[in-house]
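No gaps in the numbering here: position 95 of the sequence shown is 131 in this note's numbering, and each next residue is one more.
The hints are simulated quantities; they were obtained by calculation from the structure and are not laboratory data.
Keep in mind the model is a prediction, meaning the values are calculated, not measured.
Every residue gets a Cβ at the ideal spot worked out from N, C-alpha and C, and that includes glycine.
Careful, some of the hints might be misleading.
[Claimed, not checked] Simulated restraints on C-beta separations: (1) 193 / 81: 41 to 51 Å; (2) 310 / 159: 35 to 45 Å; (3) 308 / 248: 31 to 41 Å.
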Amino acid sequence: MRFGLDVAQQRMPWDEVVSRVQFAEDLGFDGAWGFDHFRPMYGEGPGETFEGMTTLAALTGVTSRIRLGLLVTGVTYRHPSVLAAQALTIDHASHGRLELSLGAAWFDQEHTELGVPFPSTPERFDLLEDALEIVHRLFTGDVVSYDGRVVSLREAQLRPVPVQRPHPPIWIGGSGPRRTLPLVARYADVWHSWGSPNSLREANERLDELATKAGRDPSSIMRASSLSLDDLDTARRHASKWRDAGYGYLVCGWPDAGRGRVDEFARQVLPEFAD
37 MRFGLDVAQQ
47 RMPWDEVVSR
57 VQFAEDLGFD
67 GAWGFDHFRP
77 MYGEGPGETF
87 EGMTTLAALT
97 GVTSRIRLGL
107 LVTGVTYRHP
117 SVLAAQALTI
127 DHASHGRLEL
137 SLGAAWFDQE
147 HTELGVPFPS
157 TPERFDLLED
167 ALEIVHRLFT
177 GDVVSYDGRV
187 VSLREAQLRP
197 VPVQRPHPPI
207 WIGGSGPRRT
217 LPLVARYADV
227 WHSWGSPNSL
237 REANERLDEL
247 ATKAGRDPSS
257 IMRASSLSLD
267 DLDTARRHAS
277 KWRDAGYGYL
287 VCGWPDAGRG
297 RVDEFARQVL
307 PEFAD
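With these hints in hand, go ahead and build the complete structure from the sequences.
Pasting the structure below:
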């Protein structure tokens, strides 16, 4: 099983963001995860928040092994072609360590404050579908024309092709049965959702069915979820349940107890789940 660490890059100076990611790398975590927002998501008043994709680009120069991603990149913030170009750049700068996670976005207040259009839910999922199709096609390096629901391309091409072939792993977050899971079945390398193995069992089985209908082997889609580190014994038990349910990746939340708890988890629990 693989473990990532959510470094929670909000309400902290830049040096602390870098320090947390390097700390995760030194401890042997597989990935470091930030978020894709322009303002803090909790607490009162203003606070430091660094833009997600440029944060990943900067982190490529101060790390060497750990994989880098955002949970999740909202498709409302960037034109899909721009997102694809940014992802290509980060993939090359990191020598193939990018995880590209996409979602339909949800934080309407942030959009309103910054003047970023926030379409209706159906329109945002139409945009997510277009973005998934566009990044897949542009990552081939071929000339692409595409008539989308929201975004269309005309003889578009991005070069170079990604370091990771055919493309960086595509993550899709969420468990909505009508729009999200069908997109996961068609496009995702990794499905990430929140809950418990029991609460996600029905969605998991539905994803297997949809993937088969889409002509994909359901086992080719890694299942991922999140893990709290607030209590070490509980984290160990929950990780075992996720592994037994067939999940291959857990993103660990940064605990209130701080670095000491992360260090304990890495040294006492991670070795028990090494593949």
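Violations among the numbered hints: Violated: none.
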